[in-house]
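Let's have the full structure, built from the sequences with the hints guiding it.
Residue strings, one per chain:
Number of protein chains: 2
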Amino acid sequence: MSATILPLETPAAIIDVARMQRNILRMQERMDALGVQLRPHVKSSKCLPVIQAQMAAGASGVTVSTLKEAQHCFDAGITEVMYAVAMVPGKLALALNLRRQGCCLSIITDSVVGAQLIVAFGRQHAESFDVWIEVDSDGHRSGLKVDDCALLEVAQVLCGGGMQLAGVMTHAGSSYELNDLAALQAIAEQERAICVAAAEKIRAAGLPCPRVSVGSTPTALSALSLEGVTEVRAGVYVFFDLVMHNVGVCRPEELALSVLTTVIGHQVEKGWVITDSGWMAMSRDRGTQRQRRDFAFGQVCTEAGAWIEGGLLGSVNQEHGIVTFEDGQDLDLVNRFPIGSRLRILPNHACATGAQFPHYHACEGSGEVHLWSRLHGW
Amino acid sequence: MSATILPLETPAAIIDVARMQRNILRMQERMDALGVQLRPHVKSSKCLPVIQAQMAAGASGVTVSTLKEAQHCFDAGITEVMYAVAMVPGKLALALNLRRQGCCLSIITDSVVGAQLIVAFGRQHAESFDVWIEVDSDGHRSGLKVDDCALLEVAQVLCGGGMQLAGVMTHAGSSYELNDLAALQAIAEQERAICVAAAEKIRAAGLPCPRVSVGSTPTALSALSLEGVTEVRAGVYVFFDLVMHNVGVCRPEELALSVLTTVIGHQVEKGWVITDSGWMAMSRDRGTQRQRRDFAFGQVCTEAGAWIEGGLLGSVNQEHGIVTFEDGQDLDLVNRFPIGSRLRILPNHACATGAQFPHYHACEGSGEVHLWSRLHGW
Numbered sequence: 001m002s003a004t005i006l007p008l009e010t011p012a013a014i015i016d017v018a019r020m021q022r023n024i025l026r027m028q029e030r031m032d033a034l035g036v037q038l039r040p041h042v043k044s045s046k047c048l049p050v051i052q053a054q055m056a057a058g059a060s061g062v063t064v065s066t067l068k069e070a071q072h073c074f075d076a077g078i079t080e081v082m083y084a085v086a087m088v089p090g091k092l093a094l095a096l097n098l099r100r101q102g103c104c105l106s107i108i109t110d111s112v113v114g115a116q117l118i119v120a121f122g123r124q125h126a127e128s129f130d131v132w133i134e135v136d137s138d139g140h141r142s143g144l145k146v147d148d149c150a151l152l153e154v155a156q157v158l159c160g161g162g163m164q165l166a167g168v169m170t171h172a173g174s175s176y177e178l179n180d181l182a183a184l185q186a187i188a189e190q191e192r193a194i195c196v197a198a199a200e201k202i203r204a205a206g207l208p209c210p211r212v213s214v215g216s217t218p219t220a221l222s223a224l225s226l227e228g229v230t231e232v233r234a235g236v237y238v239f240f241d242l243v244m245h246n247v248g249v250c251r252p253e254e255l256a257l258s259v260l261t262t263v264i265g266h267q268v269e270k271g272w273v274i275t276d277s278g279w280m281a282m283s284r285d286r287g288t289q290r291q292r293r294d295f296a297f298g299q300v301c302t303e304a305g306a307w308i309e310g311g312l313l314g315s316v317n318q319e320h321g322i323v324t325f326e327d328g329q330d331l332d333l334v335n336r337f338p339i340g341s342r343l344r345i346l347p348n349h350a351c352a353t354g355a356q357f358p359h360y361h362a363c364e365g366s367g368e369v370h371l372w373s374r375l376h377g378w
Numbered sequence: 001m002s003a004t005i006l007p008l009e010t011p012a013a014i015i016d017v018a019r020m021q022r023n024i025l026r027m028q029e030r031m032d033a034l035g036v037q038l039r040p041h042v043k044s045s046k047c048l049p050v051i052q053a054q055m056a057a058g059a060s061g062v063t064v065s066t067l068k069e070a071q072h073c074f075d076a077g078i079t080e081v082m083y084a085v086a087m088v089p090g091k092l093a094l095a096l097n098l099r100r101q102g103c104c105l106s107i108i109t110d111s112v113v114g115a116q117l118i119v120a121f122g123r124q125h126a127e128s129f130d131v132w133i134e135v136d137s138d139g140h141r142s143g144l145k146v147d148d149c150a151l152l153e154v155a156q157v158l159c160g161g162g163m164q165l166a167g168v169m170t171h172a173g174s175s176y177e178l179n180d181l182a183a184l185q186a187i188a189e190q191e192r193a194i195c196v197a198a199a200e201k202i203r204a205a206g207l208p209c210p211r212v213s214v215g216s217t218p219t220a221l222s223a224l225s226l227e228g229v230t231e232v233r234a235g236v237y238v239f240f241d242l243v244m245h246n247v248g249v250c251r252p253e254e255l256a257l258s259v260l261t262t263v264i265g266h267q268v269e270k271g272w273v274i275t276d277s278g279w280m281a282m283s284r285d286r287g288t289q290r291q292r293r294d295f296a297f298g299q300v301c302t303e304a305g306a307w308i309e310g311g312l313l314g315s316v317n318q319e320h321g322i323v324t325f326e327d328g329q330d331l332d333l334v335n336r337f338p339i340g341s342r343l344r345i346l347p348n349h350a351c352a353t354g355a356q357f358p359h360y361h362a363c364e365g366s367g368e369v370h371l372w373s374r375l376h377g378w
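Protein chains in written order, with this note's numbering: chain G, 1 to 378; chain X, 1 to 378.
For the record, the hints were derived by calculation from the structure and aren't laboratory data.
Check the hints yourself; a few may be wrong.
[Unchecked claim] No farther apart than 25 Å at their CA atoms in a straight line, the calculated lysine-lysine pairs in the BS3-like style are these: (1) X:Lys-145 - X:Lys-201; (2) G:Lys-201 - G:Lys-145; (3) G:Lys-145 - X:Lys-270; (4) G:Lys-270 - X:Lys-145.
In structure tokens:
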């Protein structure tokens, strides 16, 4: 990042494009070396130029969290799309519409009822949906346990009902709670092994299960082997953030998203510098609260991006952010951080902070700044 | 709210228009009875039909948290606008532009430096800005203490520099932390008394201080007297939410904003119902965490809006919400809340939840549903 950022109104969400490109390359090279495809989860950026940079680096397709993202990617020429939230009847018409446009949209389910609903709709509309079965590899959220007899039943319902069984997929979201390399390697191996075992169980029953999809940023960056896996999904690696920093999968100089903010006042006797980066800019995400280092609502940096040690965005109102300092009262705050001067705040969670903004300001090393719009809503 | 809501994709932010209208009327009638003007803070809705309903009920103008809101209101014919975040040089050009268009935009400051910067810009552009001095009535955030000698100095800088001193304003944000009527009445009186004292101090020095503006939803609804006050600012009362419910200023049947969500799965052995209302829909706001009743990420209701006692949105991922029940495991969850069925979630903080959506679905008692867009960004 160049030392001087062009004048921008604040608060603004700044992407350091050079860092982002390095992050994309790092993940793509790792996946290439492990012999698997990378299908980035675009929920992190929801921004076409970012997604296009991931595709240009070698991604095989995208993962989306909403059908709006799917449509957006498809409109830009990306056809290989997985909608990675369990499908429900109310969303099947949109999914069908995307497929009828030519999008190779795959969907997921983790229950017999869910599979039956997809089959019923598919038959009604003469559509053979590509369906993944979601597997629970860590008890974190959704998915079928590998030893649940429903796993085979779902596969049978889908195949018997004329759907295409795309494969099995899982997400070891509990990896976000770790911060130790050995533990990360272990959860990555658990994610891989359980998902591969689910695929093998289905294949052993004589059903097709061509693909095995796993992933989260921490496991993708920690896995020692991805044997049996065909593709990895990961999202936040494109920007990284303080949560990932605490997990231990990125260095400070890899954080590619920050919020540019203006100093709007002080409460000197309290040691507060007040900024225009409230929760409307940062989000209310407190992802580092229970991690090894609590960054409150964000790490304070100079406008050029250098960490101000001990400077945290301590609390937030809607449009007010209160910067506090570890060493408490500092009578020179008014001069060090005068009204109108600017700071940058590194967010806990890049996905949540990005979502507060209609667009990013993407800053090139050359000093050039692009306005990149991002999706909002469903 | 009618028992059946028209088919909508989920998640969707639902406004119960009848409740909203009653909330607007309740606050307006209270302010009328207390003899003060009401200047609603539109940061809560950022939505023109909501703001227009407030104006139609008798509001004297609006309070905004961004200049984008100011422009939006002005474009709709609302000329009396207070931008209630301390002004900085980088935003003065936008403020000037609004005033040159004919908007009666007033701005605020809480420091001598801030006042000097406004004066310098105003003189440079031959503009006499209307400026409020922000007073700190509870140590919560910004503002000058009434006994700070800078209070008079700021007034002198503004008046001496050719600006119009609009008056003094304060916001007793600490009222959100209370839940007892006597304590709420006390903080309301403190907010009033301190702000009036600041005005009197300025007037005693021979300077004009025509207006006294106070407010927050809890203090506005608790004040016994507003003597000396000319106007009240309040925002979230238009929808109310679980935080305000815990503060004790609204009843459950006054909560006018909810998130409609679809059941997408279950983890039966854990007693979980999984929905499509993750943090992207609810926000990460945990405003009830330290209140007398912790609603986690929201209170679960039936689709028609009836509270399901003990049902909470216990945790959230980006697009997944996990509903948990106080009584723990319930083997009938799959039948009680089948895949594809719908629930409604009442949010902790209406301002934060609304901000996650590009539009509201405004439901009339007749069953009619309007799509009301809301502002996003700065």
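Quick rundown of the hints versus the structure:
Distance check on the hinted pair: Lys-145 (chain X) and Lys-201 (chain X) sit about 12 Å apart at the alpha-carbon level, within 25 Å; holds. With a C-alpha separation of about 12 Å, the suggested pairing of Lys-201 (chain G) with Lys-145 (chain G) holds against the 25 Å cut-off. Proposed proximity of Lys-145 (chain G) and Lys-270 (chain X) is supported: the alpha carbons are some 13 Å apart, at most 25 Å. Under the criterion of a C-alpha separation no larger than 25 Å, the hint pairing Lys-270 (chain G) with Lys-145 (chain X) is consistent with the structure, at around 13 Å.
Hint compliance for this structure: every hint is met.
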